[in-house]
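Going down the list, the sequences are from chains A and B. Each residue of the first sequence is one higher than the last, beginning at 1 in the numbering used here. Each residue of the second sequence is one higher than the last, beginning at 1001 in the numbering used here.
Derived by calculation from the structure, the hints in this document are not laboratory data. Be aware that one or more of the hints could be misleading.
What the hints assert, rightly or not - The calculated lysine-lysine pairs, modelled on DSBU-like cross-linking and capped at a C-alpha distance of 35 angstroms, are:
#	chain 1	residue 1	chain 2	residue 2
1	B	1355	B	1222
2	B	1355	B	1045
3	A	44	B	1440
4	B	1045	B	1222
5	A	196	A	44
6	B	1440	A	116
For reference, the chains in residue letters:
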Amino acid sequence: MDVLTHTQQFLAIAWWLALGVSVLLYIALDGADLGAGIFSLFVKDHDEKGAIMGAMAGTWDANETWLIVAGGILFGTFPFVYGSAFSYLMIPLALVLWGIMSRAVALEFHHLASPKWQRFSEWVFGLASLAVTFFGGMSVGAALQGFELDKPAVGVPHYVGGAFNFMSAFSVWTGIAACIAMTLSGVLFVRARFEKAEPIRQDAARWTAAIFWLAIASVLVTVVWSAAIFDWARAKWFGSHFWIWGLFGIVALICIDQVRRDTLKDKDLAAILWFNAAALILGVGMLFTMFPWLVPNTWTIWAGASPQVSMITFTMTMGGFLPVMIMYNWYQIWVFRGRVSKLVAYAGH
Amino acid sequence: MDGEALTSLITRIDFALISSLHILFPPLTIGLAALLLVSEALWLKTGKESWYRLCRFFEKLFIVNFGAGVATGVTMEMAFGILYGRFSQAAGPFFGQVLGYETITAFMYEAGFIGLMIFGWGKISRGMHLFATFNVAVSSTLSAMWILVANSWMQTPTGVEYRNGIFYVTDWLAALFNPNAIAAFPHMMLASFELSLCFVIAVCAWFVLRRRHVALFLTPLKYALAVLVVVAAAQIWLGDVLGEQTLESKPAALAAMEGHYNTNHPDGSVDTDWQIIGWPNAKGDGLAWSISVPHLLSVIETKTWNGPVTGLNSFPADQQPPVVLPFYSFRVMAAAGGAILLLALWGVWLRMRGKFTVDLAPTHKIFLAACVGVVALPYLAVVAGWWTREIGRQPWIVYGLMRTEDGMSAMSLGLAIFWLVGFAFFEICVIAGTFWFLLKVVRLGPDLETPIAGEGHEHLGELHVPASGHAEQPEYLRPV
Ligand code: HDD
Ligand code: HEM
Ligand code: HEM
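With the rest of the complex left out, here is chain B (with noise of 0.2 angstroms):
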């Protein structure tokens, strides 16, 4: 590999990474803000302090993951322009002006509610901090929609014209409303809130697993699992329409997706066979084995026995996506998506029969520990997913207009590493602080002891010193 392909391989490496990483905070953002706010407003109706406890345990976790979401954004923005330079430039009329504006109606509107939603509590009105609340529920949704149109307009870039290394709008209502980003905004949309979901069931099994505060968790459990039968089930659903509209705008993405490779069988028939796993051959042109059930491709796709599903032989080598990242990542999300409602149907069950109550739901342990466990899932499926998509779109940056490497800044093989090995670690290090600091926040516990936060004005608390013991440790309240 000459100096060149490698500096161009690292600078992928490192932008996949960044984005990655990066994605793993801003669902749980959108969908955590969402449910606060639902806690939130059933305290302020219903009057029970259990909706204000959870409200407010939850909203620590929510603090950290969204501390963790700023630092690694604020390196997706700049990432643009110096790894992906030439990219920045010639979209920029389009995909920078999106960006741009949704730093203006996102995160500026997002920052301007997240202090007082999270430092506000006593300081301002009830009214007002439910307010807030619902302001950072809206703004991080509008983060995640403009964030979509920008990226489906690379996949199915309607709306523009390519001249002179420049993308010029000819249509701002095709380009903003591109086929794929009505599709897949609303997958991410729900993703979203099904990764928060199962994070919130994760958190309420643990404590009734470990009978800690069962009462209080409990009905927060139960009804997430309910919510989430209806959210995971419309998720295949969507998936399923997102996959029919690659397989109409990007064709090579979906074969690869589905290690497709030809479109008739030798005998001229038409293939359908759907692989459950396979691998390919060495030269790249068909699989050299996989486990497959004969149809279901063209049911899946074309909703037909026998439609024929355009395969990857059908395209120019040089305009294929590499297969086994797409074709497995698609299978990872996929597989998590069923079992995640496959776990929510188990709790349905469970309650129908009666079995959530105090003294009954600590015994079921396996299922208790099943929900634990199920907050890996989501994850897996929105970072396989996103793998599927960007890698399925190779090799290009803005699909069948600009190739990735005519998008790349000039880098030295240098300053690639540098860059590399700057973001891992700093990256990494922000995932692990992130990680550690979930789960003692989870540890400790809800606090069920501070007086509920009043309204409207500041109030500093008193300084007294304990009698005995630590003395050198003043106790200092303040609502917080």
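Bound conformation, chain A alone (with noise of 0.2 angstroms):
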């Protein structure tokens, strides 16, 4: 395969931040509404499930919008890892799809549906919320832990393991950790949402007490996992800058202190920003971990990119339409910023 120009070697270092923006903001902003609908999992007053679903409704496929934005990045800059990638996570992806499909159904009809229906697409959308967000991380894991590729004379490597290779313990329970951590947000963003006497919101608060130590707990054990098995993070995390590494394990603690701390204190916004500040923090860390590689072991960002990135359709992207995009965006989930009561799921959402 060919060698990209020095240009393109620096594109392919910007689209893969690009990427990562993506997939983080999709991480923030539908994370929240993934959480949130595990969340409605364990509530069992009607309204109030019905309700969370409305206090998502004007905002949520903007929110998953990102993973598409993430999903066309992908395919368009690194077609190589598109095309590789998707063979070895068939089936985890397959179960992802099918949960963002009826998440979306269920988010829809909810309102049109009659009380008998109305029940069972709140399952749905509970169910659909648990199976994106396990399976999604699940993905992560998996990826982390890199692929087998095959090595033709001409062309493009492919995938050739088997279909299942995806199964391992820490990919299971990289998928745990995403329940947890999507959960947290999740009952942050219904503390956020609904209005101040809702006893909703007091739920959520115990919730946050808890799901707290379990996040904390959980970060520490996927990184000290990590370590032990994945050369690539040892030799970064203990080389000679581990300070550097230190520091973002702590800044990112500190940061889930606050969250905890906001919550107490009814400062329900500042809460979230602080949980999204500690994703940042942790996901970047990830990032730069696996730096250069995309996919550890397998493709490097480089080796993955399309011969064909070039800088006119970068800065158009990047220096037009995202921009924009990220503003239009912005207004909308300020028009929608009203706290909600339990009642929204009696109106047409």
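Bring the two chains, given one by one in their own frames, into a single complex with the hints.
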């Protein structure tokens, strides 16, 4: 395969960062919706369940689009990775996909359905949120482990392993860890979006207090486990710049701690922002730990990039479309910032 | 059939199913968004409440359809990587780039406004809302443009060089503006408008037929029928243009579509017959029987009385597409196009005779029933059109350059079945749900009571428990 020019190598890195940003934005925005969905499984009151769905009615589609953008960047700029990683992750991605489909349909149809089917769609919504989170987390864990490629004399390497190679104790764990982290994000979202007097906010506060510790524990387990099984992670974390990585970790822990403090003080928005800061730091930390691998031990950023990356398309996207879109997204979230009561379940939200 | 061939067959059926089920929804999104924009603009301009009520009513139908479009669309995006991994890698530099561009310039763009359009009533100003609707219409059109550019490039892959298993783009403009895209994108856009007009006509006609809100629904019915005359006629013309393009760039596909096996008759004279219907013989090198019209094929394709059209037998056997499906799906599409035009003409004729009044219109029961039934035709035509196109391209995935079997992912038989069964199940649930809720929204009819949405500030309404009856069901008003 061809070697990229210097400009192209630089562009590949820039696209890689854009990919990371989309994934992190997806986790920050849709993560809260998914987590609220998981939380809704444990909510007994039918109106409250419906209201959780109503609270995200205006924004969930836009939030989910960041995942599609990430997929688009992957296909557009790293087609070799897209074509092979999707073969490797065929099963977990199929399950994520079924979750996404069911969730979209449950959300769109909920307010039109008769009471019996409303209950059904609430369950579908909750379970689908759980499935997307778990299998999404599992796919990330599996990707960190890398996969086998063939080595053709000419042409692009393809995935050659079996369909179940993604299964491992580690990937199951990352699935569970994702559920814990997203549930935390979800309860924070519920606290921020419901009117102060609603009882569901008190439930959510109790949840925050408990899941908070689970979240810290799962971050630590993930880090220790990664260090134990991934040589590329060990090399960076215990190398000569170990203090940088240590700093990343400490700042992340401080952010998570702030989440708890702000929740106790009823500062809901601040709690969400601290949570996102923690997720951002951990995510960026992981991206840089992997560098220069896009998929560890499988595809480097440059080998996976399209030989066709060009300055023109990159500039148009980054300089033009993305900033404008982020602006409109922000406006949209702002329009729908008002708190809701559980009675929105009655309105055609 | 050995395991590998069976796996490959299942994978292909799976992809065909996934794309056929997706294409049911986007056309209505694209066309209805534009019609919603028109009715909202008319409301703001004339101040007539009826346009507002219509807009809100059709918007509910729009949302149901949109949800299904998203659910099946995300499937498409993943299906390429999963089912056609090798093709995705090879064509990624062009095809992936175009689809990636679509997600950013169309989906992201659309997602930024759709929430405002649907849930922003009463929260943002009317001008801002109109702006949101406008952007939804523009962005869904952009989406169709990118997809058609990508798909048309698979039909006429210009501007690239295929080397070492990768398509290198040598000329971006030639690849983007490939010859097929220039006719196919407008044809798809018109199909979207035609479908949406038929949809609106069917819904309006149903209400008029039932004598519910006759005055409200008669106006859009009248306008939509008039516009449909123009759109349906233009679509037939554009279809013909696209057919000529196909003859030029994919002659084997055109030959299959027309069931045209031999360029010349055995006696050396040009075979100019256009088959109305027919069936291939067992050997697959000619028609066992057919009903045909002499000279029509030459007239349609070459615009001359005796112009030769390349027959299927001029291509090696391993480069011939299947015949039966493209042949019949093409006829279904063309017949649907003709029937829609006839219905539109019927409507305009009734209108010119002054039958479109609140008293007279509901008495034209047969016409109204035909209007309700017509909605099936554009859906049939859209699916049939895509089948003509995609199956006509076979055995190539990128015409003339890459064969379909070389583009597939390596998959086991079990997995292929897992995908097919899983998706068939989920997507059929999506379609059944969509259909059910569309019917339900129509049955419930438009909401004529809720006050017209105000501007700018969130109004959460009051909670008042009705004096008697169902006290446990509080009534809660919130402009939605
Ligand atoms: C309302 C829908 C509709 C209607 C009434 C028609 N078409 Fe169509 N047709 C489509 C919707 C469509 C489509 C689904 O949108 C396709 C598939 C891909 C595309 O670009 O347009 C298509 C494809 C398509 C192709 C395939 C081109 C290829 O292989 O690349 C041809 C030759 C025609 N059309 C021709 C016609 C003719 C001659 C029609 C009328 C007499 C006609 N279409 C009516
Ligand atoms: C949306 C409407 C579409 C329909 C109904 C449709 C239908 C089909 C069908 C029936 C096949 C199977 C042909 C065969 O195997 O004999 C097929 C194959 C294919 N189509 Fe489409 N298609 C659609 C759109 C698209 C679009 C927009 C693209 C690309 C942008 C696309 C790309 C492909 C590819 C890659 C194949 C694989 C070839 C194969 O399986 O034979 N399709 N499609
Ligand atoms: C002729 C073929 C196609 C047209 C005209 C079309 C157009 C559209 C439009 C307008 C939407 C907006 C939502 C809706 O329809 O309700 C949509 C959704 C979607 N389509 Fe298609 N599409 C086509 C084929 C494809 C293909 C081949 C792909 C795969 C790459 C695809 C991927 C998607 C995705 C991912 C969504 C959901 C996006 C969202 O969240 O808004 N579509 N499509």
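Status of the hints after comparison with the structure:
Among the hinted pairs, residue 1355 of chain B with residue 1222 of chain B is consistent with the structure: their alpha-carbon atoms are about 10 angstroms apart, no more than 35 angstroms. The straight-line distance between the Cα atoms of residue 1355 of chain B and residue 1045 of chain B is roughly 28 angstroms, inside the 35 angstroms bound, and the hint therefore holds. In summary, the hint linking residue 44 of chain A to residue 1440 of chain B is supported, as the alpha carbons are separated by about 28 angstroms, within the 35 angstroms threshold. For the proposed pair residue 1045 of chain B and residue 1222 of chain B, the alpha carbon gap of about 20 angstroms is at most 35 angstroms, so the pair holds.
Taking the CA atoms of residue 196 of chain A and residue 44 of chain A, the gap is about 19 angstroms. The hint holds against a cut of 35 angstroms. With a C-alpha separation of about 15 angstroms, the suggested pair residue 1440 of chain B and residue 116 of chain A falls inside the 35 angstroms cut-off, and the hint holds.
Of the hints listed earlier, there is not a single one the structure fails to meet.
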